[in-house]
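All chains should be built: construct the whole structure from the sequences, respecting the hints.
Chains as they are written, first to last, in the working numbering: chain A, 1 to 141; chain B, 142 to 284.
What the hints contain is simulated information worked out from the structure, not anything from laboratory work. Be careful, since some hints might not be right.
As the list claims (entries may be wrong) - Computed far set for chain B versus chain A, every beta-carbon distance over 12 Å: (1) Thr144; (2) Thr146; (3) Trp149; (4) Ala150; (5) Phe159; (6) Lys170; (7) Gly194; (8) Leu214; (9) Gln239; (10) Gly251; (11) Leu252; (12) Arg253.
Said to hold, decoys possible - Pairs of lysine to any residue, SDA-like flavour, derived with a Cα cap of 25 Å: (13) A:Lys33 / A:Arg93; (14) A:Lys33 / B:Ala270; (15) B:Lys175 / B:Leu156; (16) B:Lys175 / A:Arg103; (17) B:Lys175 / A:Gly38; (18) B:Lys175 / A:Ala37; (19) B:Lys170 / B:Gln239; (20) B:Lys170 / A:Ala122; (21) A:Lys33 / B:Ala163; (22) B:Lys175 / A:Asp102; (23) B:Lys175 / B:Arg186; (24) A:Lys33 / B:Trp149; (25) B:Lys170 / B:Ala270; (26) A:Lys104 / A:Ser23; (27) A:Lys104 / A:Gly75.
Ideal Cβ positions, reconstructed from N, Cα and C, are used throughout, including at glycine.
Chain by chain, the residues:
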Amino acid sequence: MTTLLEMALRGVGAGHLALCAGSLFIPSALGWKQGLAGAPTLIRQMFWVYAAYVFGFHVCFGLLGLFGTHLLLDGSMLAALVCGFVCVYWVARLVVQFAYFDRKSMPRAGRYRLAEAGLVLAFAAFAGVFGWACAFNLGAA
Amino acid sequence: MATETLEWAVRAAGLGHFALCAASTHIPKALGLKRQFAGLSPLARQLVVMQAGYTFALVLVIGLLSLAGPGLLLDATPLAACVSGFVFAFWFSRAVLQLTYVDKTDRPPGLRYSVAVWGFPAMFLGFAATFGLTLAHNIRGLA
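Structure follows, in structure tokens:
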């Protein structure tokens, strides 16, 4: 069971890093530069600072999942809290995707729909695996 | 620094995170963000709000963890070192960005805004120092 969970955590760790690599193409694909063109400097800076932080969170989650699997499954309360946080983070991201984003302004071409389906599946897998790891740690604590 | 002293410093930083979250709720009105958002496309506006929400939630979670479980952050395990290192990097980079990148020319006039312009980076540096010491404590414990 632990080995399967370890493999799943490594998989989603690699998935986070793949998501980060894919994210580098999102600004041009969704035309962020044009979308921000009319905004004041402060708003533009806020946007890029927040975007960089969210990117940084994902890199950290990915590195921890891929190289710190044993740390995330050591049965400690801190491991349970970290895994629980990442699980809630991705559940919230799924809720935002369907309940908050203006879906009418998203591109409708087939490849964008396919990309969105892939992203949603990845978010669900991240939430599921980190939720499983959280439950494992809580059970061991 | 003694572990007990560091625990109190982490608890104080936790309280500081809550104070920062409370102050942050006034920022949108103070800077007229609603008006400034008018020039953005709907998707860009939603992205900024989502990213701001995530950052706010992270600050809240760090505050909760520091206040309720400073011992977890100081138990000299590799995970405690990773978490304290992450929080240190988060606040140190935030302070650097605030001082070198963020445009401060549009800030509203008045003493309290001038205080905020220097008070926020001072807080960020205080958090970075506390979690930097926590990281050093964990690394020493691991060695």
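_Tell me the hint numbers this structure goes against, listed in increasing order._
7, 8, 9, 14, 15, 20, 21, 24, 25 and 27
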